[in-house]
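A.B. asks: Each chain, letter by letter, is given below.
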Amino acid sequence: MKYIDILERQLGRKATKAEIEAFTVMWSEHCGYSHTKGYIRQLPRVGFGGNAGIVSLDDYHFIAFKVESHNHPSAIEPFNGAATGVGGIIRDILAMGARPTAILDSLHMDKITEGIIDGISDYGNSIGVPTVGGELRISDYYKYNPLVNVMAVGVGRNEHLIPSTAQKPGQVIVIFGGATGRDGIHGASFASEDLTGEKATKLSIQVGDPFAEKMLIEAFLEMVEEGLVEGAQDLGAGGVLSATSELVAKANLGAIVHLDRMPLREPDMNPVEILISESQERMAVVTSAEKANRVIEIARRHLLFADIVVEVTETGRYVAKYNDETVIDVPAKLLEESPEERTYGYRPVEMPKFNWIKFKNVDAHEIFERYDYMVGTDTVVRPGYGPAVMRVKSSGGYSLVIHSRADLGLQEPYWAAYITLLECVRKTLSIGARPLAVTDGINYADPDVQPEGLAAQMKGLKDACEFANVPVASGNASLYNTYKGNGIPPTLVIGMIGKLENLNVPRPRKSAIYAIGFKDFKLEREKLLWNEIERIAKAGYFVVSMHDFSTMSTLKQELQKTGLDMKVKSPKCEPVHQLIMVFGDVDTKLPKELIGYCN
Amino acid sequence: MTASFPKAQVVVYPGSNCDRDALWALRYVGFDAEFVDIRSHIGSDVNLLVLPGGFSYGDYLRVGAVAAREPISSEIRDFMSRGGLIIGICNGFQILIEMGILPGALLQNSTGKFICKIVDLEVVDNETPFTRYFERGERIRLPIAHGFGRYVKTNGLVNSQDNVVFRYAQDVNGSDELIAGISNENKNVLGLMPHPERAIEKLIGSDDGLRVFLSAFNYIKTSSENMLEKTKVGVA
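As they're listed, the protein sequences go chains L and P. 1 is the number of the first residue of the first sequence in the numbering used here; add one for each residue after it. 1 is the number of the first residue of the second sequence in the numbering used here; add one for each residue after it.
Heads up, some of the hints might be wrong.
[As the list claims (entries may be wrong)] Under the rule of at most 30 angstroms between Cα atoms (straight-line distance), these lysine-lysine pairs were calculated in the DSSO-like manner:
| hint | chain 1 | residue 1 | chain 2 | residue 2 |
| --- | --- | --- | --- | --- |
| 1 | L | 14 | L | 522 |
| 2 | L | 567 | P | 117 |
| 3 | P | 202 | P | 153 |
| 4 | L | 569 | L | 393 |
| 5 | P | 7 | L | 556 |
| 6 | L | 589 | L | 556 |
| 7 | L | 462 | L | 510 |
| 8 | L | 393 | P | 221 |
| 9 | P | 117 | L | 538 |
| 10 | L | 527 | P | 117 |
| 11 | P | 202 | L | 567 |
| 12 | L | 111 | P | 7 |
| 13 | L | 561 | P | 187 |
| 14 | P | 7 | L | 561 |
| 15 | L | 484 | L | 527 |
| 16 | L | 143 | P | 113 |
| 17 | L | 358 | L | 527 |
| 18 | L | 360 | L | 522 |
| 19 | L | 510 | P | 117 |
| 20 | P | 7 | L | 538 |
| 21 | P | 202 | L | 499 |
| 22 | P | 202 | L | 556 |
| 23 | L | 360 | P | 221 |
| 24 | L | 111 | P | 221 |
| 25 | L | 510 | P | 153 |
| 26 | L | 499 | P | 221 |
| 27 | P | 153 | L | 556 |
| 28 | L | 561 | P | 221 |
| 29 | L | 291 | L | 168 |
| 30 | P | 117 | L | 360 |
| 31 | L | 393 | P | 202 |
| 32 | P | 153 | L | 393 |
| 33 | L | 567 | L | 592 |
Hints in this document: simulated from the structure, not taken from any laboratory.
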């Protein structure tokens, strides 16, 4: 175990075998964010700290959203790795009391990996949450380490917002969902090391059961509706241990965990395995002793297992028992307080001249037409145009963007992160929305070997958020994306939520097409560009904001489906530019050039 | 006596996921609509049942196979023999076929993949209670979203002629004779793979599906008014 010395110093004694297992999980990079939490603290934040980020949509509704990676599992077992990536992030949204309404995915791989696409398609379609957008980047840089980042979004009513903590002694925690097996044991630790590490076996990969997830969603929302849920946490990395210790530790409380009450799929599991198994489709619900029976009843009616597994105590100690045997007994806070690696300062330099590093151009239709993007009947703009637009029935709407610039990350991570955020703002404005907040997906190689790159990336994100006045609401970090020591380019994936006052978004139509703006980039011009995009979109013109206008096959295809034929001469520009494409002849102060027609 | 609104129920199977969309569509056209759980009962005053899309029981055994064997199936059969209207959409269509209410079989798409897109359809039969607001031969656009939608005829087995209601304009999933939707002989049961409930507002892509529900709504209204007339005549 990496931090064994620190652990034993904190405990003041030798750690037991069970404690080593437990802390290996909780203090893994995946659960503990040791290398990134120092940077995350410095970001401008909003609605941060729960299972997912929270922003207000209107007087009645909140939006919960978060991006999460499932890179390591998808490298070893593409189908289940990707599927459970969807399942896990959906439960994070759910735990906030929101109904999951949309999925977006950011995929980086060396070729279209069927298993990954099938995994997302099979799981997302089955649970009835539409996959409404995403990005697909094909490059050999991801040959051994594909990146599967999934962003999920949900909408809830304000009175249903659920805290991610317990509140007082005497409460109980009901765990409900599918049965617990040996799948995903040490998944968190495996996701925190090189792909050739000792944990890289299929045993660390979770197996998905979308039917159980669908039942779990409906059961949980029914509990929320009935006012039974006082706190909630999904069971993901670190299983029972992580979910229940977080719930009590955040409130300075303790817990007695009865592992013998967990329903098992494999009856011969030992107590530590039960404690750290990452079997999917399980949730922990904090409730009162009186309401617990009703919680269990609802779960069982939805064909799920459920039992009162935890008593919340005032002791501050996390005690896991199997019948009368004590498995571990440690301060709950200690489990949460993973050691923190030092952060590195980064002094931004002037933006370098970036070179074009082209990722392969693919028509994304063959991917997204395998995802149900319409279920829920709230998808206003279908995938293929860029930003997704969703409505909330009897209310307004919101826009969703997921975007990354690994081609820049390879060259200079600070500006790569900065530009990624600016481009998200442009995309959001281009469909007439106003940015609300972002979720960040950090995908990085080895932070111990190249700590400066991570520092630069995080500083770039921070500075860009401050420049744009857009806070971060949630995030995820996947480090050690390496194979035999060779890593991926720094790949910061940003998911942005925007708010729409008007669902009548600009649509493409027969018109001349213009390139408006500048072929290179100057930061001092950025807000001028934003104002123009906002004004042009509000006037009803269809605006396209892309980083690479030479790869427009998806948009071309999409237009063809609506009977439009786009013929343009792609404007020549720098890898970082301030150019947009506008359908229609609009007056503007910015440089404007006719580049083609849409017929 | 005040005429009440036509009443509809949406059967929610474990794993249904278009149930809320169907309810929204039914209410949108004016139905007094509610969910019915597989453990409860079909109301005696119900005029229309919708078996929604989704993945009942995760489609783990064979699409629709487990759902078709729920106790509520016998109530659905009774409802059908009383002349009640039933629409089975996507997974609901698969369930109706597994129940033996509609003929044929639905197999995996010829591409082997899930397909989600909006497709062109031809209205073949506009004399069903669900298609009276369409013209015969009319081209309409409805979304599809399925992995197992390849309709295969099994006429020899059921000893009856398939009554085709909708056909795809082009081949999308390898269905026999481009069949997208069929009805039973009495035409009170419609099964179709496309999703009319996802096409009731232009805002979300198409409103061609609206007329399926409007047709049923007005069919029910007119037949109950006729019934009322007849009773009045009878009394007089």
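A.B. asks: Now tell me if each hint is right for this structure.
C.D. replies: Against the structure, the hints come out as follows:
no. : hint            : verdict
1   : 14(L) / 522(L)  : violated, 57 angstroms
2   : 567(L) / 117(P) : holds, 24 angstroms
3   : 202(P) / 153(P) : violated, 34 angstroms
4   : 569(L) / 393(L) : violated, 40 angstroms
5   : 7(P) / 556(L)   : violated, 45 angstroms
6   : 589(L) / 556(L) : holds, 28 angstroms
7   : 462(L) / 510(L) : violated, 41 angstroms
8   : 393(L) / 221(P) : holds, 28 angstroms
9   : 117(P) / 538(L) : holds, 29 angstroms
10  : 527(L) / 117(P) : violated, 37 angstroms
11  : 202(P) / 567(L) : holds, 27 angstroms
12  : 111(L) / 7(P)   : violated, 51 angstroms
13  : 561(L) / 187(P) : violated, 34 angstroms
14  : 7(P) / 561(L)   : violated, 38 angstroms
15  : 484(L) / 527(L) : violated, 43 angstroms
16  : 143(L) / 113(P) : holds, 25 angstroms
17  : 358(L) / 527(L) : holds, 27 angstroms
18  : 360(L) / 522(L) : holds, 27 angstroms
19  : 510(L) / 117(P) : holds, 23 angstroms
20  : 7(P) / 538(L)   : violated, 42 angstroms
21  : 202(P) / 499(L) : holds, 21 angstroms
22  : 202(P) / 556(L) : holds, 22 angstroms
23  : 360(L) / 221(P) : violated, 57 angstroms
24  : 111(L) / 221(P) : violated, 56 angstroms
25  : 510(L) / 153(P) : violated, 43 angstroms
26  : 499(L) / 221(P) : violated, 41 angstroms
27  : 153(P) / 556(L) : violated, 38 angstroms
28  : 561(L) / 221(P) : violated, 38 angstroms
29  : 291(L) / 168(L) : holds, 15 angstroms
30  : 117(P) / 360(L) : holds, 25 angstroms
31  : 393(L) / 202(P) : holds, 14 angstroms
32  : 153(P) / 393(L) : violated, 39 angstroms
33  : 567(L) / 592(L) : holds, 17 angstroms
Checked against the numbered hints listed earlier, the structure breaks hints 1, 3, 4, 5, 7, 10, 12, 13, 14, 15, 20, 23, 24, 25, 26, 27, 28, 32; every other hint is satisfied.
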